[in-house]
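Visitor: Note that the protein sequences, when read in sequence, are chains P and C.
Okay, so the first sequence: first residue is 1 according to the UniProt record's numbering, each after it adds one.
Okay, so the second sequence: first residue is 1 according to the UniProt record's numbering, each after it adds one.
No wet-lab data here; the hints were simulated from the structure.
Careful, some of the hints might be misleading.
[To be verified] DEER-style ranges, computed between Cβ atoms:
1) C:K560 with P:S9: 28 to 38 Å
2) P:R23 with C:P540: 36 to 46 Å
3) P:G25 with C:L476: 35 to 45 Å
4) C:L581 with P:G68: 51 to 61 Å
5) C:D497 with P:S9: 23 to 33 Å
6) C:V607 with P:D12: 52 to 62 Å
7) P:S9 with C:P448: 53 to 63 Å
8) P:G68 with C:P448: 51 to 61 Å
[As the list claims (entries may be wrong)] Here are the simulated lysine-lysine pairs, DSBU-like style, with alpha carbons at most 35 Å apart:
9) P:K16 with C:K456
10) P:K16 with C:K487
11) C:K719 with C:K638
12) C:K638 with P:K17
13) C:K456 with P:K81
14) P:K111 with P:K126
15) P:K81 with P:K16
16) C:K575 with C:K638
17) P:K16 with C:K463
18) P:K126 with P:K81
19) P:K17 with C:K463
20) C:K560 with C:K671
21) C:K638 with C:K487
22) C:K588 with C:K575
Think of the CB as a built atom: it goes at the ideal place given N, C-alpha and C, for glycine as much as any other residue.
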Amino acid sequence: MNYVPGTASLIDDIDKKHLVLLRDGRTLIGYLRSIDQFANLVFHQTVERIHVGKKFGDIPRGIFIVRGENVVLLGEMDVDKPCDTILQQVSIEEILEEQRLQQQAKQETEKVKMQVLKDRGLSIPKADNLDEY
Amino acid sequence: MFRFQSLDDDCTLEEEDDGLIEEEDEIDQFNDDTFGAGAIDDDWQEEHKRLAELDERDGLGAGSGAGSGVGGGGTGGGDVSSSAGLPSSSARVPLPSSGPPTQDADERSGGSDLAESLARLILDADPAIAGVGAAERPAPSPGSAGPGLSGLLGLDQPRVLPQPPSMPHQHQLPPAAPAPGLPPSSMLSYQQQQHLLRRGAAPLGQMNSHSIWESSMGFGPLSVSPGLVAHMEDSPLMSIIKEVGLPKRPPPGRSDEGLDLSERVPPPRSSSPVIGSPPVRAVPIGTPPKHPMSLNHQIHHPTAVHVRAPVQHRYHAPFPERLSPNTLLNIANSPLCRGPFPPRVGPVLSQLQRAQLLNSQVAGFPRGGPGPPLLAGGGFRPFFGGPPPPHGHRMGPPPPHGPPNHTAPIRHNTTHLHPQHRRLLTQRMQSRGGDRVRTGLDRRSRDPYSNLMSQKEKEWVTKIQMMQLQSTDPYLDDYYYQNYYEKMEKRQERERDSSSRKEHATKLITPQVAKVEHTYRPVQFAGSLGKLTVSSVNNPRKMIDAVVTTRSDDEEKREKQVWNKRRQILYTVEKMYSLLLEVQDFEKRFVQTPEEEREALLEQHKVNTEQLCSSLQEKDWEDRVSEDQCVMIMAVRKGKRLVARLLPFLPAAQAAAVVMVIARNLPALAKKDKQDQVLVCLVEPVSAVVQSLSSSALTDLLQELQGSDGQLAAVLQNKFGVTLLYLILSEGERMQSSDQDCQLMDDNRWTELVFSVTRELLSVPSSSLSPPLFTPPNLLSLFSRYVDRQRLELLQDKLQ
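Put together the whole structure using the sequences plus the hints.
Guide: Structure, rendered in structure tokens:
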């Protein structure tokens, strides 16, 4: 039953499995249990899914309350569809390791790039990851 | 009531020893309390006298007094300590005793001993107890509180006499701190310090335990002289302690005094968990509705903050409609529900186990170590439905391939979705219906954690969202949505007509708020003199108090009339303008409209023109142009322009009439036009009219123009007037020259008029002759007919 026809409302998404992407880049998957007028979300049986390349790992987190302003996007997940057709699930340790390697590699490339630019007398100011005003 | 007693510096501990011992023997505390000075009632005047006496005495025998006082204190302490372990007293002072041991446990030698001793200390401080048996109590030494207290402890030890006299020293120390002389005061609780202070005042020569306690109401600076005995009862002591802010302890009521013990019970606490904080009554706006919690509340928080007499609730339904699994477990296992016999249900999962269980549900990956095997299968059965999962397997969500339990897919209203989305959804539904057996709804019904958000809460959130959509003017606030919706509805209607499908798109009915003007009227009291001077955002204070000045009625009426008339004229002008515009636009519209509607348009046009014409006509006399009306209209600038535009559209007769009116009233109009200078806009249409006039009409017009005496002069002064005159003359000339048998010359009027014109022209000085808009060329030829050469030349000059 749609409470507010013609508009978007999260009421219909309650008790369904969702995937939410947060502003800090985390991906959470859980059952949406409760909402409020700010779109603060209460997730149940939450799992933080880390993706590195084609691999992913799930870290169980329990109950999450997400402040509405930190949500980038939120979507219902198909419970029945299998998630391992293209992606390969690995253990937490492995995925964290992979993530660390990925971050490291990125930092290295970044460093090299900065160095090269510096040699040429150019500088590109580093974009801050945090959204500051 | 209490006077600061300055102790004699000469008092030393050593000196008092003998005195103490001596005094001890002499004093019989019991007797004194019962029958002696201690038993006298409160009378401050008596007190004062006694104090005064004491003061005098003090100077004399400070030493002996101190000694005796200490001795008395010693006896008091000893008695109490001997009668240690008063069960009633200990019960009465739970709080303070809990304090000190925690503070000082580290620093004291014997922990438990200390507790006991401290408890006793407080007992000593209790005047009631002191009254019972003011035993001797050795005061602590100044150097160390530890050994001092242990000295206090020393029940078996004989009075440590050297110590008491040191108290005066402590007492003399600056009053800032309660017991600054004492070693790290942090070690001692406040009460202990007080106690010691009291001790200190003891050497002031008080004879009974009562007075010892009472005299040393020593929060530093204060102490009571030994004489102040009688008034010291329980309440003053307590009241002062209350002042200073000690933790409230039940006032020490003597059981034999028969005080009402119910007074001592601490006030009933609210349900707030924080001790001492006020109950949170106000519920902030954003809080969702609370669930009915009575029995449940107690169950959820089985460890109540305060253990008090259980309040009998009137129980609601034992199990409300919606319970979370946790709630259910709590209910099942709460101590309140357990009977005296061991429960039949298996042990409850611990939090950890439950969490792990849930994790395994979600994550679905194999977890080493403690996992689902921790399930208490028996305990779970009622809550999870279905068979309990087998050991060691992960308990995923109810498997999709279970018993065939196909339910028809629910068709929600999906008209608001994007068409692609809708298609996908229907596809999915169909496919799900085919090979799957559970729709989302079914799965959700089996999910024990579903419906955590009650219907009420959902409605509450929806209500908030709807409130945000409130608007007084939806077309202003949400223009695009309104348009979109209208288009959609129209489209649907069309489609429905073709396919006759009855599928209404549900429209979101946003709450419409009536546009109510909320004018703030400040508070007014009937019959009060003057207004309240209250200024707020809605009612700011006026900087200037505007006073309404009432003019006399006549003046006002006249003013009003003038204004009203002007408004009336303007109103008329406006109406005529709108008609005129329609008439003017007629042609353009006529061309644009399709064939079938042209007749209607024609009709409309006719009506308009008729209305227009009639607007200038007299009310009763249909054919005549209302002069007053014309003049009125012409008085206004807008009106003049209107007439200028209107003239071409009027029928010839009417137009002529209008021009006549203008000519007749030209001086007045000219005067009124001085500011606006708009008359000249009439030149063109008027000239058109003039040129279409017949000769007689022309003559009439010229006559009108000349009209009364002096009119011509005025006419000549006005640009428009001059122009009009020349126009007329030129037209006349044209008529004469072109048409031989024109009737212009039939009567002499024309000639006469021209003569008068010439006369006027000649007589009027050049300066007052306003230059016309243009000078028709044939004027000279006109004049040449009538005037001689000389005058002609003069006229020529004038015309230039």
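Visitor: Each hint should be assessed against the structure and marked as holding or not.
Guide: Do the hints match the structure? See the list:
1. C:K560 with P:S9: 28 to 38 Å: violated, 59 Å
2. P:R23 with C:P540: 36 to 46 Å: holds, 43 Å
3. P:G25 with C:L476: 35 to 45 Å: At roughly 40 Å between Cβ atoms, L476 (chain C) and G25 (chain P) fall inside 35 to 45 Å, so the hint holds.
4. C:L581 with P:G68: 51 to 61 Å: holds, 56 Å
5. C:D497 with P:S9: 23 to 33 Å: holds, 32 Å
6. C:V607 with P:D12: 52 to 62 Å: With Cβ atoms ~59 Å apart, the hint holds.
7. P:S9 with C:P448: 53 to 63 Å: violated, 25 Å
8. P:G68 with C:P448: 51 to 61 Å: With Cβ atoms ~27 Å apart, the hint is violated.
9. P:K16 with C:K456: holds, 19 Å
10. P:K16 with C:K487: Satisfied, since the Cα-Cα distance of roughly 34 Å is no more than 35 Å.
11. C:K719 with C:K638: Between K719 (chain C) and K638 (chain C) the Cα gap is close to 19 Å, so the pair holds against 35 Å.
12. C:K638 with P:K17: With a Cα-Cα distance of about 73 Å, the restraint between K638 (chain C) and K17 (chain P) is violated, given a limit of 35 Å.
13. C:K456 with P:K81: Holds. K456 (chain C) to K81 (chain P) sits at ~33 Å (cutoff 35 Å).
14. P:K111 with P:K126: With Cα atoms ~11 Å apart, K111 (chain P) and K126 (chain P) stay inside 35 Å; holds.
15. P:K81 with P:K16: Distance ~14 Å between K81 (chain P) and K16 (chain P) Cα, so the pair holds.
16. C:K575 with C:K638: holds, 12 Å
17. P:K16 with C:K463: It holds: about 22 Å lies between the C-alpha atoms, which stays within 35 Å.
18. P:K126 with P:K81: The given pair, whose Cα atoms are some 40 Å apart, is violated under the 35 Å limit.
19. P:K17 with C:K463: holds, 25 Å
20. C:K560 with C:K671: Given pair K560 (chain C), K671 (chain C) holds - Cα atoms ~23 Å apart, limit 35 Å.
21. C:K638 with C:K487: violated, 44 Å
22. C:K588 with C:K575: At roughly 21 Å apart (the allowed maximum being 35 Å), K575 (chain C) and K588 (chain C) satisfy the hint.
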